[in-house]
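S.K.: Once you have looked at the hints, place chain A on chain B.
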Amino acid sequence: MHPALQGLITIIVGVGGCIGYFYVSNIFLDKVLFPAKGPHAGRNINRANLVRPWLFLFPAIFALGLYLAYPVVATLWLSLTDRSAGGVFVGLANYSQMISEPKFWEAIRNNMLWLIVVPAASTAFGLLAAQLTDRIAWGNIAKSLIFMPMAISFVGASVIFKLVYDTRPANQDQIGVLNAVWLAFDGGAPSFIFLRLVPALILLAFAAFMAYGIYLALRPLIWGEASHGGGSWWTVPLRGVVALGGAWLLWLSLKSIFSVLTVTLPYGEPQTWLTITFWNSFFLMVVLIWIQTGFAMVILSAALRGIPEETIEAAIIDGANPFDIFFKIKVPQIMSTIVVVWTTITLVVLKVFDIVYAMTNGQWETQVLANYMFDKLFRANDWGVGSASAIVIMLLVSPILIWNVYNARKEMR
Amino acid sequence: MSSIAGSKSGLSWAVHISVIALVLLWLFPTVGLFVSSFRTADQISSSGWWDSMFKQEQNLVLRTAAPSTQKQEDGLYVIQGNIFTENDVSTDGVISRWGTSSRAISDYAPGDTADMGKDGRITLQANGDYRLVNDAEFTGSRGERIFATAKTPPVFTLNNYRTVLFSGSTTDSMAKAFFNTLTVTIPATVIPILIAAFAAYALAWMRFPGRALLIALVVALLVVPLQLALIPLLRLHLAIGIGKGYLGVWLAHTGFGLPLAIYLLRNYMVGLPRDIIENAKVDGATDFQIFTKIVLPLSFPALASFAIFQFLWTWNDLLVAKVFLIDATGETTVMTNQIVELLGTRGGNWEILATAAFVSIAVPLVVFFAMQRYLVRGLLAGSVK
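In the order they appear, the protein sequences are chains B and A. Whatever position you read off the first sequence (first residue = 1), add 1159 for the working numbering. Whatever position you read off the second sequence (first residue = 1), add 38 for the working numbering.
This is chain B alone, in the form it adopts within the complex (with noise of 0.2 Å):
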């Protein structure tokens, strides 16, 4: 019970210390420092309201200087030294020979699909969840249940997943339930429905949508409306790489609706799944998904819950039907908190570790930027290089970093 003990006492300790130091200190300022009488007290309440808000942050201030912070100049620091040498400044040493490593641009570029794929895959299912549940009867337990992988650690995840895809030997019964729908496909025509037919219109759709998200960004250029539609000079390089970025995207997806037609499946081959390289990835995105999806739609329901309803009735009186209220109604108007959220889940899997951690450790070519940074801080033991993929981590999450505190200041005028 030794560190029960140490615990109970730490809480005693910590919150005491805390309590005892506001109290005192507000004591101390109201009746010694600056006491309200005498002659001066006047310029003593006053002086003495001065101080007070720095009592009250204080502890806060130095927490978070502390601790997030000074790390952020630490880091900074670190990457730019050699730690066996004693620490002295190598420049960008440590920079150039991770990028030197092609498990960091495996990490990289696995991020990138994480980036991509995450996100969206769980806000959308988010939307589709909340809009599905909002005026059924029984919707707010199907929506706490949906929710409820929130709670489960990312390892017990990953535990949970790692029956789901579990393999056995050929001859013997499947325990891991992925291996045993795909026994149950042999090749036929529900096959050929299932695992061709389906995901190539999917692939379809994605591609016909970036197409024409490809086609609204470039259409203020290709018509001149950029200059005189209110936009300014800088949207020109954003919407160039949002293009280009869309363009990439419909390759891949074109690609992909020609391999997953031609590809020759092994049918009734138990498949090991983390280690079919490149999809393996997508296993492992599928953890994070389950777990995000249900804090997308907790907080999208809010807001079609927040959608006036005179508008919905006036598009129904209008003649539209279910789907373009949907689209054209309630996803414009909550389009703020899509934004919100996608960013939020994409904060989280910038900082996916754990899920990779338990689940292959990077092998098989899963690796991702935290844990290849754990990777070399703790086992290569080289804060160099592992400061320096901290940075990067860094400097991939400031944009958010940015536009949020942007909005945050915006609000508060």
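No lab work stands behind these hints: they were computed from the structure. These numbers were taken from a predicted model, which means no experiment stands behind them. Cβ coordinates follow ideal geometry from the N, Cα and C atoms, glycine included. Some hints could be false.
[What the hints assert, rightly or not] Straight line, CA to CA, 20 Å or less: simulated DMTMM-like cross-link-like pairs of lysine to aspartate or glutamate:
hint	chain 1	residue 1	chain 2	residue 2
1	A	K331	B	D1189
2	A	K282	B	D1189
3	B	K1262	B	E1570
[Said to hold, decoys possible] Short, incomplete list of chain B residues facing chain A, as computed with Cβ under 7 Å:
hint	residue
4	F1187
5	K1190
6	F1215
7	G1224
8	L1227
9	P1230
10	I1305
11	D1332
12	D1345
13	A1461
14	L1463
15	I1466
16	A1549
17	Y1565
M.R.: Chain A in isolation, oriented as in the chain B frame:
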């Protein structure tokens, strides 16, 4: 969907069915682990958990009673009994084939007699009753091995939980890790709330220069990946003598939890009615009194939401514990870490893995279902404004 004007939409059935499908899809993996944690190792490895509700055919390795139970009848030495009850297998099994060697496990039908040479002759019935007869005395300490193919009804056992919670085995036991996790979690949840509450009050209701800047800073720190903090802070902890241990992990969790705590609490406190606070000020209450007597009790929902967040996050955390807590001795291991180690050492032993994972999942799930309202409220306050 759009049943506003009282007209029942034709899509209503489709909606119900898709929601059911979605919920089942989302529950299926967890239920699989849950069911598996109540099955024996043999059952788990011989059939999928979805079959566990039905009678199933299994290959069993069973052992007759030990030679010490033999009796003498008419000059013969006899051991008899029921092979199922003696091996803790469900008593309702039906044997279809059996054998006496691992190379020929289906040589005999129920009721046949197998001659095992000097080890005697054994007759096994379909219901598991057996009679082992020998001319000479049985020797040795263990019974004969029997290989049987039997249809057994579903059996669930609590043995896995016994092993994982109470066995005291150093590799499988979660008991110590459970208490360690609890030791990490509670202080790491309580301490940041207090610090954050004071700071949030100052940021919400006190006027001072630099307030807007501080709020922006908190928003910025909200998204700083904690990966950045690992090495510098570990170095700091080692340098000032905290080292790896509970104190370090409490401090780390406090630091990492603060931005969200301050952000959530400030957003909530700003929304409190201005009148109450200004009236109190007019009546001569100090800021300290306003905070402890008015703001803190009114902010209970926000405090609860953050407490749940922080609890779930610290309970489920692996990275921070691995870096700041768990040293080479492994004495202070937490459950997530224990499970990852089990995945390495006992990757195929699903009965242990599933049970261990479920032990670690159970507490958050209880908290989740009991306090879901506050969790949802916190999520909404944290991301939608």
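S.K.: Which of the numbered hints are not met once you compare them with the structure shown?
M.R.: Violated: hints 2, 3, 4, 5, 7, 12, 14, 15 and 17.
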